[in-house]
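*Asks:* Residues per chain are reported as follows:
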Amino acid sequence: MRLHRVRVENFRGTREREVTFPDHGVIVLEGPNETGKSSLVEAIDLVLTEKHTARKAGVTAVRPVHRDSAPMVEIDLSSGPYRFVLSKRWLNRPTAELRVLTPRDEQLTGDAAHERVRQILDETLDTGLWNALRVLQGSAPDTSLAGSSALAAALDTAAGSAETTESPDGATTLLDAAAQRAAEFWTPKGNKPTGRLRAAEQDAVAARARAARTAAALAALAEDVDRSARLGVEVEQLAATVAEAAREADELAARVSALDGVRAEAGRTAERAQLLEGAATNAAEALLARRAAVAALAAREERLATLTAEALARQPLVDRAVQDEAEAEAGAETARAVAERAHLEVTAARAELQRRQARAELDEALAAHQDLLDAVTAAEAARPALAAATVTGPVLRRLQELDAAAVVAEARCLAAAATVEVHAVAVGVDVLDKCGATVVAAGSTAQRAAVGELTVDVAGFATVRVLAGADARELDEAAGRARAERAAAFAAAGVADLAQARAAHERHQEATAALRAALTHLDGLTRRTTLAEAGARVERARSTLDALPAAGPDEVASPAGDGDGPEARLAAARATEADALAQDIVARTAQRAAEEAVAERRRDLDRLRTELAGVRAGVEAEGREVERARACLADARAGAADDDLARTAEATAGDLAAARIVAERAAGALAALDPAGLTARAEAVRTRHERAAHQLRGLSDERQALRAHLAYVGDKELQADDDEARTALSRAEHELASLTRRAEAARLLHDTLHRHRQAARQRYVTPFGRRLVALGTQVFGEGFDVDLDEDLRILTRTLHGRVVPWADLSTGAREQLAVLTRLACAAIVDPSDGVPVVLDDALGHSDPERVRRLGRVLAQVGPTAQVLVLSPGPALGEAVPGAAVMRLTADPEDGPGVRSAAAAAAPAATG
Amino acid sequence: MRFVHAADLQLGMTRHFLDADAQPRFTAARTEALARALAVAREAGAEFVVVCGDVLESNAVGPRVLGRALQVMAEGGVPVFLLPGNHDPLDAASPLTSAAVRDAANVHVLDRAGVHEVRPGVEIVAAPWTSKHPEGDLVAGALAAAGDPAPGTVRIVVGHGAVDELSPDREDPARIALAPLEAAIAAGTLHYVALGDRHSTTQVGTSGAVWYSGTPEVTDRRETAPGNVLVVEVSDGVPPKVEEVRVGTWSFPLLAADLEDRADVESLLARLARLPRPDRTVVTLQLTGSLSLGDNAFLEDELDRAGHLLAGLRVWDRHSDLVVRPEPGEVADLGIGGFADPAIAELGALAGGEGPRARAARDALSLLFRLAGGGRPA
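Sequence lines, in order, name chains A and B. Just so we're aligned, residue 1 is where the first sequence starts under my numbering, counting upward by one. Just so we're aligned, residue 912 is where the second sequence starts under my numbering, counting upward by one.
Where hints are given, some of them may not hold.
Claimed, not checked - With a cut-off of at most 25 Å between alpha-carbon atoms, the simulated SDA-like pairs for lysine to any residue come out as follows:
hint, chain 1, residue 1, chain 2, residue 2
1, A, LYS716, B, ARG1270
2, A, LYS716, B, LEU929
3, A, LYS716, B, ALA1061
4, A, LYS716, B, ASP1022
5, A, LYS189, B, ARG1270
6, B, LYS1043, A, LYS189
In case anyone wonders, no lab produced these hints; they're calculated from the structure.
So here's chain B without its partners, still in its complex pose (with noise of 0.2 Å):
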């Protein structure tokens, strides 16, 4: 028997990093990634498609977003199970409860603790979110209100959160134990555990019966390996086979580069130009390094040329030391001359600090080298 797990469609989600233009292309990329997920589940000859939490980035979305994605699922031809995680808790104000959704073709709504038959002999044991503070294990929950499954039953837990092997919180009460699912699986009560929450594609436990698929597209940098749906296979007696497909078209790379002369800084407009898909590309530049005011000069222009080009670009300030240093003679050559001299000796020494003023002082002489005529093509 096989099935999609997919978790963390985050429906809806604002990035407020992009800008008007890259935005509707987000958000549209995200209900494509579902259109995919469906289309790999029919490629497989998948019998449903769990969505394991987070369905919507929030309650409050808006019926156009879950609109759009009920009519998604409407034409994909597979049976779709949603699970109401902590971004989209089933309580008085989840879309998930409307008529819309109730009477979507091919949508279910796991909307309670405990068995949901998918077909005779197959059983979803859902452990879906209520509030967005629960008080205690709900997929420890859900099995107690499912019991003991019929003998030749094949059971699928889908649930939404950390599990206490990797989740750093040990006060926070709706930590998933670990341990009581992989004796279960270990007695064969129990063949897969489909998780949701963690944006990155990880297997955890020994069993190799529990996964976090992952978002389907990248929602942070910091993810590590996001864009995938898990193709599962279940057949009782066997570890579950498990199959990465990657679905996500987005990506949010980080540059690192240190610069010190002309080269560095074209090797690094090299790297940006040879990123695939800019359109759909994030790009943060963490830059170190120094620069004279002339290659300074030709870096901002050239990256805010690249800037047009890409979804978005950003200089990641926290993590970025890029001095601008006047070369000696650099000045000069402008020609200036007068009382200028000594000024821009005195903010070069400025610039030569650390701290707001220093920074002021290196932009200071950026602007001065520009109103000089510097950094133009001969």
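Bound-form chain A, shown alone (with noise of 0.2 Å):
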């Protein structure tokens, strides 16, 4: 379809206006708000669909507010291959005029224009594709495109199927009409049946129940008569019962009187039996107790003389034990004598070696104080030689500095004095020097030092003074000097020289060793005990020897005598001590085991003197008995005789057993006849009749009732009513089989064509998204990318590697893409199939940038197709390259009129 006039007046707020379209391109309508743009799109839609008699709201709506003027329409416009101008005035004295151009010339008017034009749409126009292709104000911006036959073809050829290009239209229509169909019986979404379906389904269910319910009343029915021929068998089988069980009722009872006789007999002998067995019992009795009473005198008898003779045996044993009691006292007397003695000695002993132990202590005390005094006494001796030897190691050291220093002095002076060489020629020479005058022989020669001044003299030839230099002089005064220190310093230690000295040095040091020895001696034993101490301990023994008492006569001339040292004779002392211990224990054994003995004679004794008692009061008891028992006896006898007793027992036995044959014999009659068996039998046979006569009543009673339900239920028709459930259910059934049929082969069908529809959408998914990639690229930039579904829509969008859902889109991605989508099936479907792309002020949200971007992809679509793009400023008509842009000014209402003029669009000189 391509626009190539509108001309609009009195529609909403515009007057008049004319719109010319260049065939082909980008055509801008540029204005601001209200100025009518999106009116000029509404006014296209209006007269292609709407009847100009219509009066309905979208057609009321478009009439101006403050006018009473009819709105009009005129449009010049081609479709395939067609071209016509169609006008429509609504409302006030309505008209509509079709002229058609080509391809021949037609000229309509009225309802025939209308039709006409609906036709030539219908053949020509892809609605579909002309609803899609435009991105109008304020909706949001879908992206949906699958109802483009147009497009589909477009996309088909694309993707170089080779399907068919013909009339996609039909399948589209098949399809609708089978999901129709489909849709009568099955849920929108599920399998589940639905409407007739459903009905059906549900009467099948309720006529299964009902043939359930009518069968189960015929079963029931038949039931009936089949237990009506059970109870009729079952009454006869009782009353034969119950007639039976009388019978033998009045046999039995016939017997039962019968016995009463035979019991009677049996009563009386068993009755006399019983008296006589009392008699006889009686008499065996006494018979008895006499016998036993003769019996138990014997025996009492003979029990006395039996103790006697034990009490007289008995009576020896008890001297005996009287006698040995006294010896086994006496022997405990002398044991305790003896053990008495040992006792003393233990004593004396003690007191013996505790009185050796006192002295031995004494003498040790003693020996220990004398050692102390003698250390002391040693010590102070050895203080006077250390006194006396005054040479101390530092002394030595002293004069020992001092003589070497001396030597040195002299040799130093020594070496400094000149060597005057006399060699005596013919006559002595002497020579004096400090040493004294020597005389040098002739033809000798001496040497001398010249110390100080020296003297040649030669007898009476010459004398030659030889005077030492200063420095020769200064150091003979510093060796006098030195001698006179040590002379001094040896004269201070009263000794010679230096060999003395060392003489003293080795006296003191001997004495200080001398006294070393001593005090150590002294101090260890001081160490051990102090000299007070040992003087308190030799008081302390001396004070416990005086302690003891003095020792005995005999004791003086003991063991230990004096020939002995101390030790020995305290050793001698302990041994006599424990001998005696060991005496005083064996004693004292001795003398309790005697008194044991003793113990033991006197418990015998009172054991047998007990016994010997015991014997004696049973003999006494006895003899007691014995008098009772012959006194009874006496007396029974004087009563009856023993003869007598035993004569009557025997008589009355004899009767007894005659009564008992008799008795026996008459209840063996009775037993014969079983009378306890014969009454239960009576009394069973009674309760089984009875209870039979019961049943039979129940039973006829049942048997009348199921008769009367019977009688009842045969006028009700149940076969019928089965019939009529079961040819219901034959025919809900068999209806559910034919419904089920056929929505399942309208399921079947609708499947079959949409899987095939969608797989042929894939198909075109991928060119129209080459398409799309291609484009947006352009305004996205490298990396961009679309994920798109079966019907076109955009799931995704891809941008340098970030994927975005469509509903995470901002606004204005969403309406870039949604301009993109429409100018990518606008350069996609064959332009002669094509419609006008309209874009109603579309990028709102867009910045100027993707604004910029987005004109040259206009511009680039424009050569095959037209685009519409209303606009509220001027940035999108400039951005479009080539774009014929066209201003738009407002329309004063109540203005004075003034017309927009009608103006072509002329392509704008923008970059």
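If you follow the hints, you should be able to join the two separate chains into one complex; please do so.
*Replies:* Pasting the structure below:
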């Protein structure tokens, strides 16, 4: 479809406007809000779809608000091979005129004009595409394009599909029809039955239930009939049972009455036997009692004799026991004396030992005390020798140093002095130096050191004096001072020379050692015990010894003779004590044994005495019993002699035996008749009869009731009900089967068609996506991609590797993509099938850069399609290179009627 | 001596394949058959009518059905002897023991085994069913109870059930032994054996005196010779003369057709159109062959139309195998195209197979054909 020209009058806010479109390319209608841009699109739709006579809301809404004027639209357009001009006026004096210019001239008015336009458009216009290729102000930017057959055909071609490009409309119509048919039977989503199918299913279920009920009723009837037959048989059987039981009961009653005579006879004989049995028992018991009394007396007499003999036999035993006890007592007395002595000996030995120990202690203490005293004395003796020896170590070292200094000074002096050699040639020469005069014999030579002043005197000839220089004199004086100092020190030390000093020092060292040894000894002793302690110990030992009792006279000559040492004496005393202790223990043990023997004898004696007393008491008691028994027996024999009693017992026993035989016979006769069994049987038969009769009544009642029930049921047409129910069931099932079959067919057809359409669409997606990506890359940049579903809806957009779902995209991005999809469609559709793309204020949320890029894309699509852009500002118009821009101005409603001039848009000179 | 032998009236029978319109006609037809049997008896000068069991479809048919039959018999002017059979045994629920039956004119229930005198010299030996599960040969029992007839007596046995010669069920204790009956006929102590239970008119044995009359009005498609009563003429010494008289008005025909093209379909439709008394005719179709979508659509439309006229029209699915195949170009002629073409091809392939899925595919193709406007008169 191509728009050539649109003219509106009295349309919403616009009094009059005409817009002429270029054959292809982008046309931008630019103008502020409410200048009637959107009304233009509305006017195109209205003139193509609404009859001129329509008065519906969509029509009345476009009437100008403040004027009573009829809205009019005239449109000049091409679609397929047709080009026509259509004009309609609505509401007041409505008119419709159509002039078809190609392919052949037609002219129509009124409804015929409208119908012809619809016909042309149905034939040539892809309405789906026409509606899809617009992005309208304020509507959500949706991208669904699935409804367009032109697009589908284009995509088919683009996909290189060999299928067909004939008339996909037919297929879509068929799919719609199949969907409609399937929807009659199935829920839209699930495959649950609905509508007639569901009703048929429910009918079938209900019919099944009803048939089951009627069948059950019939079955119950059949069961009742069977039960009735069974009851008949049972009633007959029971009646026979009742009659038989009655007969048997009569017979048993006769036999029971015959039983009574026999029972009376048996009672009588039994009673007599019982009486006789009492008498016989009494006689037998009397005889037995007499015999027992005689025997008891004899037994007692024998026992008395035995006891008496025993008492006599026991007396000697007691006597011997008395004697034994006395002997034991004597033994014990002896043992006690021995023990006493032994004890005394122990006491004496212990005292002697203590004395010896005390004396030994005293001796030891005294010795220790003396040792201490000796050591003190030795130490005191060493001290004077030490005081006399004055040359101590330091003194000696001082003397040695002074001596060495003197020697050195002399040597130095000598070294500095000139050596004078005197050779006496012919006569001796006297040499005088400070050491004295020396004669040097003739012919010999002597050397002297010229110290101080040396005079060589040749007798008479000459005296030569050699005087030492100043240095030599000084040295000589120093040597003299050193010698003086040394001499003073030796004098102070009391020694003549160094050898003496060394001897004196040795003496000092010896004296020191002696004192140290004495002190060390004393110290060792004192460390064990001080002198005071030793004294105290002596005092203690002495007082201990004094405290002990003096030795007895016999002890003076004790084994510890004076000849032996104190140690030996102490050891002897200890041995003596140990012996005494051992003796004491032996003696005491013997004493205890003797005393135990006495106790034993005493117990034996007591026991024997008690036993003898018991026996004697028994003799006495038994004697009394014997007397009493003899008296009793005598009394009894006075009443009845022993022989009389025996005879009476024998006679009564004979009578009893005879009576018993008679009674047994009578009882046997009664038992033979089985009275208990007979009575029980009579009772059982009576019970059986009653029960059977009762059952018979019950069954008869039941049969009666069942008959009545069957008669009632017989009038209910159960069979007819059941037949009807089964017929209904059969019909319902047939209906269900038939409907199910049709439903399955509808579903299969729909599913198959739907699946193939999805598959076909899937094939479209690829070329469409390619085109969309190619356009989108120019807007969004490299790395742009989209993911599409079968309905060509954008699912996600990818940019710079980031995948964003459609719903999460910004409004701006969504509207840009919406525009791009329209452009992709427009670019892809065959120009002869194409429709104008309408973008009404479609980029309100886009930034200027995006708008500029979209403008370039728009310009690319321009050559093959018409693109109508409605924009409130100049931005988009300027963005599209080569776009025809048309500026609209407001049409003041109540103004002086300034008509917006009919203007053919001219290409604007934009870069 | 003449009488009419009928059986298996099955009054009150319901056929589930009849619709709500046809069923009452069918019910009425069974009572009318009884009336026609009585008319046949009157015309033939028969002394009485015996109905050999299954007078009623069930003991629970209710009083209305029985009431109408009693009325017909009261007006028939001929004595009618009714034998309880396996459908209406003389048990506690039997309506044949009701006062209405006892008091009805011309009606006699053969309610005990043994001899029932019709008039001096003519005896019926009846073998009624007293429960649904007899424990022995009731006819043999009845004859044993009857003893030997007086010389010169015409004796007719009236029984119900399968004779051993025809029944395949050897375990059935109630089978009727045929040989003793034929022996008695040969000996001249029996003159005719009137049997019920088999709905097709059938003579059994070799004596010519043992017959099933069949039902007077058809009850099932499988019956080969229903719709008759027998007029029997018995005279001592010669075999009885038996004449079949048709009284039934309904039929349940089975039409088999192999359909390959439009001509076959039209021929079948012509056969249907030629059926007499369509309102009393229940047709079962057994269709085989293969039809194009168009021919099948035509067939379905025409069968719908024919079905309105008939008492019943069913396609016997179990024994039918009619394949629907789209003819080459048939779908293309519809001018669908687009994605529909591969879809149709897929359904076509599926339809060529077997089983429920293939059937659904054929149905789907037919539906497609209709949705696309095929099959409409041009």
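*Asks:* Against each hint, give a clear statement of whether it holds in the structure.
*Replies:* Hint-by-hint comparison with the structure:
1. LYS716/A / ARG1270/B: Roughly 44 Å between the alpha carbons, so the hint for LYS716/A and ARG1270/B is violated.
2. LYS716/A / LEU929/B: holds, 23 Å
3. LYS716/A / ALA1061/B: Given that 25 Å is the threshold and the Cα spacing comes to 45 Å, the pair is violated.
4. LYS716/A / ASP1022/B: holds, 23 Å
5. LYS189/A / ARG1270/B: Since the Cα atoms of LYS189/A and ARG1270/B sit roughly 24 Å apart, the hinted pair holds (cutoff 25 Å).
6. LYS1043/B / LYS189/A: Status violated; Cα separation ~54 Å.
Of the hints listed earlier, those the structure fails to meet are numbers 1, 3, 6, in rising order.
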